[in-house]
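Undergrad: Starting from the given sequences, assemble the full structure and let the hints guide the process.
Order-wise, the sequence lines are chains A and B. When you line the first sequence up against this note's numbering, it's residues 39 to 287, in that order. When you line the second sequence up against this note's numbering, it's residues 39 to 287, in that order.
Please note that a few of the clues may not be correct.
Same chains, same label: a pair holds when it works inside one copy or across any pair of copies.
Said to hold, decoys possible - Listed next, the in silico SDA-like pairs over lysine to any residue satisfying Cα-Cα at most 25 Å (straight line): (1) K127 - E160; (2) K127 - E153; (3) K261 - I168; (4) K100 - R77; (5) K234 - S246.
Quick caveat, the hints were computed from the structure, so don't treat them as lab data.
There are 2 protein chains.
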Amino acid sequence: MSNAPVIVLVRPQLGENIGKAARAMLNFGLTEMRLVNPRDGWPNPSAGPAASGADIVLDQAKVYATTADAVADCEHVYATTVRKRGVTKPVVGADGAARLIHSQPGRHAILFGREASGLETEDVALARHILTVPINPEFGSLNLAQAVILAAYEWSRIGREQAENTGPLVQPTAEEELLPPAPQDDLEGLIAHFEKLLAPRGYFFPESRREATARTLRSVLTKPGWNHLEVRTLRGILSTLERPERTSD
Amino acid sequence: MSNAPVIVLVRPQLGENIGKAARAMLNFGLTEMRLVNPRDGWPNPSAGPAASGADIVLDQAKVYATTADAVADCEHVYATTVRKRGVTKPVVGADGAARLIHSQPGRHAILFGREASGLETEDVALARHILTVPINPEFGSLNLAQAVILAAYEWSRIGREQAENTGPLVQPTAEEELLPPAPQDDLEGLIAHFEKLLAPRGYFFPESRREATARTLRSVLTKPGWNHLEVRTLRGILSTLERPERTSD
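TA: Set out below in structure tokens:
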């Protein structure tokens with residue numbers, strides 16, 4: 039099936055859980071796994087037996103030092119969380135995420151946090167959407183492989199549903215609209231460029247509010263889903279603003 | 039949620055898998071488990087630890103000698119199978135079964151077979167529907183708890199969907215997200231502010247391309263549909279950029 043998402047396990051602890059996640063993925067045809075800084079290194083001898091034959095997923099898994107590196111080539115990033123957080127990002131279920139993946143061009147990545155603690159705030163900040171599965175408020179105990187299998191199952195189910203029914207949910211119109219959002223590292227470059235200009239002018243002052251201010255800036259800039267041409271235009275604007283005014287004008 | 043199905047584990051082998059199934063159920067609010075002739079008897083000391091706190095499900099689990107006994111009080115029986123069998127019964131997915139459960143009165147039971155071999159032909163014969171989850175034809179390796187969690191997840195998801203009567207694809211959560219796009223004159227103010235900063239730095243040079251350049255700037259800035267708070271953030275950014283750098287920094 040087309041447009042398979044990348045499954046990114048962020049700082050996973052047990053090799054066994056990496057193997058189970060691989061098995062969960064392959065049941066529904068997902069094969070691309072990325073690992074961010076796995077606690078016990080990689081490869082991990084406990085992963086293979088737990089994968090029950092899903093070796094193709096483990097053999098092709100790639101390791102990255104940071105979450106930002108792992109999604110640098112991805113146009114759409116989903117952060118899987120259980121708890122509601124104070125983030126102002128759109129929230130989708132596993133089904134909603136699957137519909138977006140099947141309808142929007144570009145590479146999609148789904149982030150899963152470490153077993154005990156989930157994703158860190160800075161991992162969530164990279165994402166455009168929060169993926170959350172509504173579970174029993176009195177007993178929320180989804181493990182890593184179960185979260186992965188629900189995402190994989192929905193990707194497969196929605197793909198079949200759409201193949202049987204009509205076209206994509208959102209029909210792009212103009213040619214411009216067909217350009218996918220810029221990959222994440224373009225966006226990171228843009229954000230860094232803004233910060234570089236703003237910091238020496240006191241934008242992040244006082245220091246105590248620095249993080250909150252940076253988060254606001256990030257959410258304003260990640261909302262649009264600009265394509266790479268639009269990001270290039272904005273980079274041009276920032277470069278222009280770095281120049282001094284021409285007083286002779 | 040109303041009309042929760044009964045989960046029937048037929049001749050399960052490992053207590054650990056019974057515990058995992060209980061945990062999978064309770065995540066999505068299912069609490070009624072029945073066991074048909076569990077291999078190692080009942081209660082089973084391995085079940086509790088694997089249930090990770092879903093003790094309420096295990097404590098209430100009832101044991102039956104035969105599958106027919108276990109579903110004697112159920113109006114609707116679903117037999118979960120992976121392989122296609124030569125049975126002439128209607129086949130539903132986990133989503134289809136969930137729709138039937140929510141729409142048809144009476145007690146529904148879902149049968150899951152033993153870990154290695156699945157349901158026997160005589161168990162399947164008791165059912166009115168076959169429940170099967172389409173999986174990767176080259177790698178079908180769903181374990182018992184995973185099959186249970188997919189059924190429980192779909193029961194929960196379809197229940198919410200029917201309660202909400204198909205809400206929007208992307209659910210806004212924070213109040214921020216509910217804000218409408220800023221009015222046009224906010225946007226015009228933002229565009230004018232950009233132009234005021236950019237013009238004296240030669241951004242619109244050469245004059246012959248001025249109009250096209252301004253149009254590009256405008257389309258990048260109108261695409262996001264920023265709300266008035268987001269526009270205010272951007273105005274703050276531009277005001278900051280008008281300030282000289284603090285060389286003392």
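Undergrad: Are the hints correct? Go through all of them and say.
TA: Hints and how they fare:
no., hint, verdict
1, K127 - E160, "within (14 Å within a copy, 51 Å between copies)"
2, K127 - E153, "within (23 Å within a copy, 41 Å between copies)"
3, K261 - I168, "both (13 Å within a copy, 22 Å between copies)"
4, K100 - R77, "within (14 Å within a copy, 41 Å between copies)"
5, K234 - S246, "within (18 Å within a copy, 32 Å between copies)"
The structure shown violates none of the earlier numbered hints.
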